[in-house]
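S.K.: For reference, the chains in residue letters:
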Amino acid sequence: MEEGIPTRMGDGSLTRMTRSEIKADIEAGTKAAAAKAKVPPLSDVEQEHLLDIYASKARFTAVDMGEGVIISADGSGTRHIGTRQNDMQCFEQLLGADIIELWHIDYSFKAVKTVLPFEQQEMKDCLNVITSPMQYGAMPDLGRYTQPDGPIANWSELMPLGKIDEARDAQLEAVEQAVDDMVFVADGMAAVGADGIDLDTTGAAGDADFLAALRATEIIRKKHPDMGIEMGMAGEFVLGMHGQIEYDGRRLAGMWPLAQLKAAEKAGATIFGPCVNVNTGKSGAWNVARAITLVKPCMAEAKIPIHMNAGMGVGGVPMCRYLPLDAVSRASKAMVEILRLDGL
Amino acid sequence: MDAAHAIASGMCGMRAAGDLVARMQMTRGMRLQPAKEYVAAKLGVSVEDLVDPLAMSEVRREKGLGTLIYGECAEPTEPQVMEAKFHIAEVLDVPIACVDGFKKRAIA
Numbered sequence: 000m001e002e003g004i005p006t007r008m009g010d011g012s013l014t015r016m017t018r019s020e021i022k023a024d025i026e027a028g029t030k031a032a033a034a035k036a037k038v039p040p041l042s043d044v045e046q047e048h049l050l051d052i053y054a055s056k057a058r059f060t061a062v063d064m065g066e067g068v069i070i071s072a073d074g075s076g077t078r079h080i081g082t083r084q085n086d087m088q089c090f091e092q093l094l095g096a097d098i099i100e101l102w103h104i105d106y107s108f109k110a111v112k113t114v115l116p117f118e119q120q121e122m123k124d125c126l127n128v129i130t131s132p133m134q135y136g137a138m139p140d141l142g143r144y145t146q147p148d149g150p151i152a153n154w155s156e157l158m159p160l161g162k163i164d165e166a167r168d169a170q171l172e173a174v175e176q177a178v179d180d181m182v183f184v185a186d187g188m189a190a191v192g193a194d195g196i197d198l199d200t201t202g203a204a205g206d207a208d209f210l211a212a213l214r215a216t217e218i219i220r221k222k223h224p225d226m227g228i229e230m231g232m233a234g235e236f237v238l239g240m241h242g243q244i245e246y247d248g249r250r251l252a253g254m255w256p257l258a259q260l261k262a263a264e265k266a267g268a269t270i271f272g273p274c275v276n277v278n279t280g281k282s283g284a285w286n287v288a289r290a291i292t293l294v295k296p297c298m299a300e301a302k303i304p305i306h307m308n309a310g311m312g313v314g315g316v317p318m319c320r321y322l323p324l325d326a327v328s329r330a331s332k333a334m335v336e337i338l339r340l341d342g343l
Numbered sequence: 000m001d002a003a004h005a006i007a008s009g010m011c012g013m014r015a016a017g018d019l020v021a022r023m024q025m026t027r028g029m030r031l032q033p034a035k036e037y038v039a040a041k042l043g044v045s046v047e048d049l050v051d052p053l054a055m056s057e058v059r060r061e062k063g064l065g066t067l068i069y070g071e072c073a074e075p076t077e078p079q080v081m082e083a084k085f086h087i088a089e090v091l092d093v094p095i096a097c098v099d100g101f102k103k104r105a106i107a
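Just so you know, the protein sequences line up as chains W and X, in that order. Sequential numbering of the first sequence, starting at 0, is according to numbering that gives the first Met the number 0. Sequential numbering of the second sequence, starting at 0, is according to numbering that gives the first Met the number 0.
Honestly, the hints are just simulated from the structure, not real lab data. One or more hints might be untrue.
[To be verified] Mimicking DSBU-like on lysine-lysine, the simulated pairs with C-alpha atoms at most 35 Å apart in a straight line are:
| # | chain 1 | residue 1 | chain 2 | residue 2 |
| --- | --- | --- | --- | --- |
| 1 | W | 112 | W | 261 |
| 2 | W | 222 | X | 102 |
| 3 | W | 112 | W | 281 |
| 4 | X | 103 | W | 37 |
| 5 | W | 123 | X | 41 |
| 6 | X | 41 | W | 302 |
| 7 | X | 103 | W | 162 |
| 8 | W | 222 | X | 62 |
| 9 | W | 123 | X | 103 |
| 10 | W | 222 | X | 41 |
| 11 | X | 102 | W | 302 |
| 12 | W | 123 | X | 102 |
| 13 | X | 103 | W | 221 |
| 14 | W | 261 | X | 62 |
[What the hints assert, rightly or not] Here are a few chain X residues that sit away from chain W, every Cβ distance over 10 Å (derived from the structure):
| # | residue |
| --- | --- |
| 15 | 4 |
| 16 | 24 |
| 17 | 40 |
| 18 | 61 |
| 19 | 62 |
| 20 | 68 |
| 21 | 75 |
| 22 | 89 |
| 23 | 96 |
| 24 | 106 |
Note that the structure is predicted; figures quoted are calculated from it, not measured. Glycine included, every Cβ here is placed at the ideal spot set by N, Cα and C.
Please take these sequences and the hints and turn them into a complete structure.
M.R.: As C-alpha cells, then:
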C-alpha cells in the first residue's frame, strides 16, 4: 500500500495523498487547462518534475542556487508593524524583496486620486529611506465608477433589465474616467520620483476594465518613457462584461494569458503579471499544474518580463490568510523552474 | 508569504543584486537573463555572483551601491539610500527618477 504524503488543498487545508494520487491530479490539472484554453498540456518530463516537487514531505523547498528571479512584492506597504514606511523598510532590509510597492488600503485609482498629495508625500518619504526600486500600486477597479459608489449607471443592474446597449455605454463612459484617474495618479507619482506604477488586478470588472488599463498604459508610457509599468491581471480569462470591446483589432473578452500579454506589450507595459485563480476544492498539485499550463504559452513569446501572480488564491498558492510555507515554496519553485519565469 | 517566495525563488533584493536587476526589468523591460547579464557586465562580475550575498556585499561597498543597514552594520560614512541611488544610476547607466528630481530640486 502506498504511503500518504502530507500535502495541501487549494484552501490551504492539510491532507494526505499518495504519489499516484498526486500524479493523477497533476495530469488532470494540466488536461483541464489544455482543454479550456486550447493550449498544449505539460510534457511528461514537466509533469514528472512537478510530481517530484509535490510528492515530498519536505517542510520547504526552493529553486537551485543561482536560479533566483525578481520578486515584485505588491502589497509590501501593508501595516504589519508601525507605518507603511516601516513595513516597506522591513521588506527591503529583512524580507529580501526586489521591488517595493506603496499602496493605499482602498487599492483603487479612483479612491487614491482624492488623497494623491498624501500618497505622493508618503512615496517621497519612502524614496528617501529605501534604495530598492519602488512602485505605486492600485487597481483600475472599474466597478467603483458605478452607482451608488460612482456617477455612472450600474451596468450590472442594467443588464438584467435587458438594457444591453445602455450597459455597454455605461462601461465605456467609466473607461474614460478610469483612464483619467490612472494617468493622474501616475503623473503624481512620477513627479515625486517613483520608479514605477502597478496596474494591479486588471480586468477584475471585465473587458472594459482591461481596456481602461491598456489605454492608461499607452498614455503613461508616452508621458513617462522610463517609468516602469507593471500590469497584473485579475484572472486567467478576461470576462466579457461588455463583450464587443477590441484593442489593437482583437476582442478583449475571452482573452487567455498569451493574448493578454500581447495587448500589455502593445500598450507599453514593462512587466506583465498573468494570474490564474485557485480552485479551493482541488489539491495544490492540481492547481499548480493548471496554472503553469495556462501561462506557459507566454514564456516563449514574451518580449517583457513575466511576473506571475502567486499570492493568496492565485498561481497555485492556497486561498487562505496564513499561508503554509510548504505550499508557497512548492508553488514558487514549480512555477519558476518549469516556466522559467522572470519574476513573481 | 513574501518571505517564503524570496527565500524559495527570489534574488533577495539588496542582500545581493535583486534590486539592480529589478531596475532593468522595470525601466527597460528586460527579461530576466538579459537583465542579469547586463547588470553583471556593468558590475564586472559573473551572473552567478549576482545572487551571492558575500560577493555582492563587497561589490556594493566598492561601487557605493548601498548595503543592508541592519544586517551588515554599514558604516555611516558609506553611501546609503539616495547617495547610493546616485551611484546605481551611474553604474547601470539607467535613469532613476528620484535621483533626477533630487538633482533638480537641490541644485537650483
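S.K.: If a hint holds in the structure, say so; if it doesn't, say that too.
M.R.: Right, here's what the structure says about each hint:
1. Between residue 112/W and residue 261/W the CA atoms are separated by roughly 29 Å; this keeps the pair inside 35 Å, and the hint holds.
2. Simply put, residue 222/W and residue 102/X have alpha-carbon atoms about 20 Å apart, close enough for the 35 Å limit, and the pair holds.
3. For the proposed pair residue 112/W and residue 281/W, the alpha carbon gap of about 40 Å is over 35 Å, so the pair is violated.
4. Between residue 103/X and residue 37/W, the direct Cα distance comes to roughly 52 Å. Violation of the 35 Å bound is thereby established for this hinted pair.
5. Restraint check for residue 123/W and residue 41/X: the C-alpha separation of about 28 Å stays at or below 35 Å, so the hint holds.
6. Using a Cα cut-off of 35 Å, the hinted pair residue 41/X and residue 302/W holds, with the two alpha carbons roughly 22 Å apart.
7. At most 35 Å may separate the alpha-carbon atoms for a hinted pair to count; residue 103/X and residue 162/W exceed this at roughly 54 Å.
8. The suggested pairing of residue 222/W with residue 62/X holds, with an alpha-carbon distance near 32 Å, which does not exceed 35 Å.
9. For the proposed pair residue 123/W and residue 103/X, the alpha carbon gap of about 14 Å is at most 35 Å, so the pair holds.
10. As the CA atoms of residue 222/W and residue 41/X are separated by approximately 28 Å, the hinted pair is consistent with the 35 Å bound.
11. Pair hint residue 102/X plus residue 302/W holds up; C-alpha atoms about 33 Å apart against a cutoff of 35 Å.
12. A distance of roughly 14 Å separates the Cα atoms of residue 123/W and residue 102/X; the hinted pair therefore holds under the 35 Å criterion.
13. Between residue 103/X and residue 221/W, the direct Cα distance comes to roughly 22 Å. Compliance with the 35 Å bound is thereby established for this hinted pair.
14. As the CA atoms of residue 261/W and residue 62/X are separated by approximately 38 Å, the hinted pair breaks the 35 Å bound.
15. At roughly 5 Å from the closest C-beta of chain W, the C-beta of residue 4/X falls inside 10 Å, breaking its exclusion from the interface.
16. Against the 10 Å criterion, residue 24/X falls within the reach of chain W, whose nearest CB is about 5 Å from its own CB.
17. Every CB of chain W lies more than 10 Å from the CB of residue 40/X, the least distance being 17 Å, so the non-interface label holds.
18. Every C-beta of chain W lies more than 10 Å from that of residue 61/X, the closest at about 16 Å, which supports listing it as non-interface.
19. Listed as a non-interface residue, residue 62/X keeps its Cβ farther than 10 Å from every Cβ of chain W; the least gap is roughly 13 Å.
20. Look at residue 68/X: its CB is around 6 Å from the nearest CB on chain W, not clear of 10 Å, so calling it non-interface is violated.
21. Distance check for residue 75/X against chain W: the nearest CB is about 14 Å away, which clears 10 Å, and the non-interface claim stands.
22. Distance to chain W confirms residue 89/X as a non-interface residue, since its nearest Cβ pair spans about 14 Å, more than 10 Å.
23. Some Cβ of chain W comes within 10 Å of the Cβ of residue 96/X; the nearest lies about 4 Å off, and the non-interface call is violated.
24. Remark: the non-interface label on residue 106/X is consistent with the geometry, its nearest Cβ contact in chain W lying 15 Å away (cut-off 10 Å).
Violated hints, listed in ascending order, are 3, 4, 7, 14, 15, 16, 20, 23; each of the other numbered hints is respected by the structure.
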